[in-house]
Each structure stands twice: as C-alpha cells, then as structure tokens.
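A.B. asks: So the chains spell out like this:
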Amino acid sequence: MEILQYEFMQRALLASLMVGVTAPAVGVFLVQRRLSLLGDGLGHVALVGVGVGVLTSSAPVGAALVAAIAGAVLIELVRARGRTSGDVALAVLFYGGIAGGVVLLSLAPPGQATNLDAYLFGAITTTSTGDLVAFGVITVVVLSVVGLLGQRLYAVSDDEEYARAVGLPVLALNVVLAALVASTVVLSMRVVGLLLISALMILPSAVAQLLAGSFRQAVLLACGIGLVVSVTGTTASYYTGTPSGGTIVLLAIALFLLVTLAVAVREATGRRRHRRRVGLHAAHPHEHGEDCGHRPVPHGDHVDYDHDGHLHAPHRTGTGVHYDEHGAHPVTTPAEGKAGRP
Amino acid sequence: MTGHPLAEQHPTEPDRAPAIGLRGASIGYGDVPVVQDVDLSVRPGEAVAVLGSNGSGKTTLARGLLGLASVLGGDVTVLGAPVGRLRERGRVGYVPQRHTVTGAVPATVREVVGVGRLARRGLLGRPTAADRAAVAEAIAAVGLGDRERDPVASLSGGQQRRVLVARALAAEPELLIMDEPTAGVDAANQETLARVLAEVSAAGTTLLVVTHEAGPLAGVLTRAVVVDHGRIRYDGPLAEAGPLAGDAGHHHPGDAEDRRGTAYRQHQPWTSSRPVHARDGEQ
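Residue numbers (full-length UniProt numbering), protein chains in the order written: chain P, 1 to 342; chain D, 1 to 283.
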C-alpha cells in the first residue's frame, strides 16, 4: 500500500490505532455515568498545558498531561463537595483552560510551533517518534488500569450511592477515572484535536450500547469500533486531503446514525410481526385464567396457556389483554401443570 | 399504658454488640437534622420494619446507618463500630429505593449482581470461585437463575428490583438495609421477595426494612419502629403497630391477624398528619 511507504503516515496510523482503542475504553464509563462531556472539558484544560509547554520550550505533550490530570482531580474534588456550585466551577475551569491556553500560545516567541489549529483539530502527520513513545506508555497505562479496575469503575459509574454505601472508595475511583480521561485527552490531542476528543470517547460507546448485551461486550465492542473508525478515518484523510480528526469523527457519526436506523427498523418490524400474530387471535373467545379449561404452563415470570396445541401468553397493554404465541405444544407433565396454578 | 420505651422491650444483650445502635442520635444533611434524638437498638438476627409516612425521616434514618447521611449528634453504631469508622462496609447490604436499573450502557443480571461482591474483594482482588458462587447463589435465591446472562433492561420492573436485592445478597451481608423494597412491585414479586427475606432472616441476617406498608412482608418482619416527624413514636411488635403496619390489601397470607382488617383499610398511606399513637390504648 502506497500509504505505508511514508514514515509520517506509519506514525500517524500507529497513533490513530492507539487512540482508537483507548478513547472508547475510557469513554464507555463516561457514557454510563452520563458525563459524556467531561472529556471535552478536560480537552479545554489541556490547552493551558500545551501553552505552558510551548512557552517554556519543553514538551507540550507532557505539560498538557500534567495540566489535564490536575484539572481532572480538581473537578472530582469540586464534584464531591456538592453539586450546586459544581456546575459553575466546572464552567470556570473549562473556559479558563481554553482562554489561558490561547493567551499563553500567543505569548510564545516567534519561531515556535504555535499553530493553534494543530492542537484544537489535530495534526496527525506531525506525530514524532517521541510522541509515539509517550502515547504508547499512556495507552498501556490506561488500558491496564481499565482492565484492573474496570468492574469497580463500572460500579461507581452505574450507582455511585450504592458504591458509597457498601464502602467502595468512591472518591478515589472517580479521581482515577478522571485521570484516565485526562490521559486519553492528551493521547488523542494529535489525532483528533482537543475540541473533538469527546467524540472519539463517546460515539463508539454510543454505537456499542445499541448492540451489546452486556457491559463487558459493550466495552470490547466500543474499542473495536473506535479502532476501525480511527484507522479508517486516518487512511481516508490521507487520500482525500482532509483533516484526520474531522474525518474520523464524521465517520463515527455516520456509523452511529446507521446503527441507530438499523436498530429502529429492526424494532419496527418486530412490532409489526407481533401485531400480525396478535391479529390471528384478535377474536379470542375468552380470557385465560385459573379455570378456563386450558392447561397452564409456567414460563419464566408468567404463565402460558396450552391452547389447541400452541402456547398463549397473556400480554397486557393499555387497551386490555391479548395473547402472544409462545411456541409449540410442550411436553405434558402433570407436575408442570399443577405448578402453573397460582 | 402510653409510649413504648424501647429500653424495656429490647434490652441489649451484654454478650453481643447490637447490629444497630443509636443513642440520642440526630441524622441529617449538611447542618439540618431530619431525624432527632433517636434511641434504637437492634439485636443481631432481628427483622425490623421502619415505618412512617413520606417525609417522616425513616429513609434518612436508614441512610445514616449507611454513611449516606451525616450523624449530627449522639452515637450511631453499626455492627459494633461507629458508623463513620466501620471498615468492612461490605458486611452491610443495601437495597436502594430505586425502581429500576437505569444505566445507559447495557449490563447483564450477573454483572449488576457481581458489583455486590466487590466490597468483599478488596481494592484489586480478582473474582475467586467463591465470589462467582456467591453471585450465582444470590441470583438463584431471587428466582432469576435462568435470566443470569440477560440484559437487566429486558426484565420487568419487579424483576429488576429482585436484581438489586440479589446484588445486596451477593455480599453475604450480616445486616441488610432495604428502602421501600415492595413499592411499585406486583403481588407475585412481593411474595417472592417475602420468601427470599424469610430465608435470609432464618440464616441469621439482621433485616432493617424501610417501608410505608409492612403488609406484604408481615410474615417476615417481627418488630416495627414507627418514625414520625423525625422521632420514633412506636417501637414494638409489628403485629401491634396497628394501622401503621400496612393495609389489608397486601396482608401476608400467612398472617392470621385479621381482626385489625378494618383499621388497615382506614389507613391512608399518603396522609402525613394522622395520629401515630392509635393503638396505644388497646395494649
């Protein structure tokens, strides 16, 4: 492949691969916690770090990491103290971050790489070998922590009050999650840019939650989707000459819309099929009950009735009760029949 | 006789610390006490209903025991330790007042119940065979053994409540605190819950159930504590708690105390200003 001949594209693809897997692995907890925009806010805060890094001619990636993690810890402490003032405190922190970053970058001496666009929207082809090493370390650390603490992070994201009641270290886990988000923000900086970071954390999880049957499945699926979208987007951006960040995010949104549509269609046909079957029994002669003459058959949490060789399950809706088909004739055992009676 | 001084009815056994001990306790949020000057001692293995109308402070009382509301005065001990310093919080099970499991991302029954086991596993502990067995056992106990791998969102509301009960049971708690476990749950699910709690209680677990109607669980809970305006107004046998114990419609079939049927029917759970000492004259 032509694209792999260039070293800068090799580095770009490697970076997008790491970002693609890592961002959703963290993002899925944010979606669960309904804090989808936390990543966005930490992206703002990271810009101060970038500004400091550029101004002091030290590594912007390292400085951004420090700023973002400090911001993340601060946010969790504010959140833990109470909610009323927390909202405003977050706004101050986030906008302070981006304003500080812009001003600091403008103060940088001429000749410095002060291209604000590169940080805000990503400039994946400028990824250096040094960046790759830093990204590799961040990826390994973030994925290891998620692997190690995943179930606990899930517990806190799902039901914080319960977690506190049973003695899980809620504040510590929240700080860990926020620090993971901050690290991922910095990791994603080059690939999708600080303004689009949240998208790569949230969109793959949003797609996964429509398809997955379990939380574990959702995490793995989100990582897979993130990987595909990120690498495909980067490749596409090379051929179309568009910015990688925007291309990746548009691709993710397209996938999200497609899956949403597919799920909606599937549900609609399911409902239609259900109504058609119900129609067969629209003129049901009587309501099944204890002494209706049809043999009751326990089925999960309800009781079916053996009606001329097939099972009827009561389905109560706003307009009354009708009977769904619940399969063919069961094997008849007297004990089963007895157990079905209330 | 008026009043039911709990000290006379429930003397603390000297050999065992009470599962729950409140002395002159005030509990609330921020600086505002909701429950004031409460004395209560629950022995290990007791099954207690905390009754009261909405806003009476019964939930705050329970939340104080869980460390979710602040102790503003007096002493509160749980399993022998002051509530703030109870190190093994996993010994306390909690079923919150929540009708359904509402996470944005799907989770299976086993995943939700597995969370209940975390507090027993230490900070980094991996699940052991014993942990997995406890989770499976808890799920089977609430009658959802065949739904273990299903997403919780695909279950009915009553079944989701049972998932939350299983989550608490997975920790094998010594003290189980439940907030309105029967509210909004149909009769069949209430019966299942009563059966599960009977088993848990028989195994020696202390039960504290916050509810506005003890009726569905009257066969399990033996003692009633009635909270009104942040103070305990009755503490004694549930069967003698009168109209406060619940209404006849949900009376447990195993309980033969039908002579109070009329009183039960008169009880309106939504009124907050009804007299709380109605039964006192008859004792």
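Keep in mind that the hints are not guaranteed to be accurate.
[As the list claims (entries may be wrong)] Restraint-style ranges between C-beta atoms, simulated for each label pair: (1) D:Glu148 / P:Gly147: 36 to 42 angstroms; (2) D:Glu240 / P:Gly147: 52 to 58 angstroms; (3) D:Gly145 / P:Thr129: 40 to 46 angstroms; (4) P:Val263 / D:His229: 25 to 31 angstroms; (5) D:Gly145 / P:Ser58: 40 to 46 angstroms; (6) P:Val265 / D:Gly122: 44 to 50 angstroms.
What the hints contain is simulated information worked out from the structure, not anything from laboratory work. The beta-carbon is built from N, C-alpha and C at its ideal position, and this holds for glycine as well.
A.B. asks: For each hint, tell me whether it holds in the structure or not.
C.D. replies: Do the hints match the structure? See the list:
1. Against the hinted window of 36 to 42 angstroms, the Cβ-Cβ separation of D:Glu148 and P:Gly147 comes to about 23 angstroms, which falls outside the hint.
2. Taking the beta carbon of each, D:Glu240 and P:Gly147 are about 55 angstroms apart, inside 52 to 58 angstroms as hinted.
3. The given range of 40 to 46 angstroms is broken by D:Gly145 and P:Thr129, whose C-beta atoms sit roughly 55 angstroms from each other.
4. P:Val263 and D:His229 have their C-beta atoms about 50 angstroms apart, which leaves the hinted 25 to 31 angstroms range violated.
5. Distance hint for D:Gly145 and P:Ser58: a CB-CB separation of about 59 angstroms, inconsistent with the stated range 40 to 46 angstroms.
6. Judged by the Cβ atoms, the range 44 to 50 angstroms given for P:Val265 and D:Gly122 holds: they are separated by roughly 47 angstroms.
When held up to the earlier numbered hints, the structure conflicts with 1, 3, 4, 5 and fits the remainder.
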